[in-house]
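Per UniProt numbering, the sequence shown starts with residue 1, numbered consecutively.
Hints are computed from structural coordinates only; laboratory data are not their basis.
Every value quoted in this text rests on a predicted model; they were computed, and no experiment measured them.
Keep in mind that a hint or two might mislead.
[Said to hold, decoys possible] Lysine to aspartate or glutamate pairs mimicking EDC-like chemistry, simulated, CA-CA at most 16 Å apart:
#1 Lys117 <-> Glu85
#2 Lys104 <-> Asp61
#3 Lys160 <-> Asp123
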Amino acid sequence: AGMISPTTGRAIAPDGSGPTSPSPTNPQSPSATPTSGGGSGSIRGVASGRCVDVPNASTSDGTQVQLYDCNGQTNQTWSSTSAGEIRVYGNKCLDAAGTGNGAKVQIYSCWGGDNQKWRVNSDGSIQGVQSGLCLDAVGQGTGNGTQIQLYACHGGANQKWTWNR
1 AGMISPTTGR AIAPDGSGPT SPSPTNPQSP SATPTSGGGS GSIRGVASGR
51 CVDVPNASTS DGTQVQLYDC NGQTNQTWSS TSAGEIRVYG NKCLDAAGTG
101 NGAKVQIYSC WGGDNQKWRV NSDGSIQGVQ SGLCLDAVGQ GTGNGTQIQL
151 YACHGGANQK WTWNR
């Protein structure tokens with residue numbers, strides 16, 4: 001039986017002499033990070049100039065999103081699906097934890113619920129399909145760590161977003 005080289009991740013012969021089969025020059029396995037320009041990118045707050053960010057690059061369900069300095073990392077790279085989802089890390093969805101003013105906006109494993117579907121409006125607001133409420137920076141905050149919630153749409157700059165995708 002062959003082994004996997006810890007340095008290359010490729011199969012090697014049992015004696016360690018080399019590959020047991022030719023390595024593909026262009027592997028077809030999907031990348032874990034979304035490609036830029038393919039409908040994914042940062043969501044930047046108009047009022048703050050900061051990006052919608054998953055704190056500490058957490059992948060845990062229930063992690064509330066926040067504003068943070070834009071850095072181009074995967075925890076700030078969001079993609080849209082034809083179902084109206086806004087995804088991060090490929091398999092986590094922007095998720096509303098409730099339907100009233102102040103409900104937290106978090107990441108959660110995608111499951112197709114209406115609380116994970118969003119309308120991106122021409123005025124820059126992002127509206128929850130289930131609640132009809134808008135993505136909102138809490139307290140009209142603009143600083144790093146300002147949490148994102150649902151709130152009645154009012155057209156304020158803390159509810160306007162630029163999605164660079």
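Hints, one by one, checked against the model:
| no. | hint | in the structure |
| --- | --- | --- |
| 1 | Lys117 <-> Glu85 | holds (5 Å) |
| 2 | Lys104 <-> Asp61 | holds (12 Å) |
| 3 | Lys160 <-> Asp123 | holds (7 Å) |
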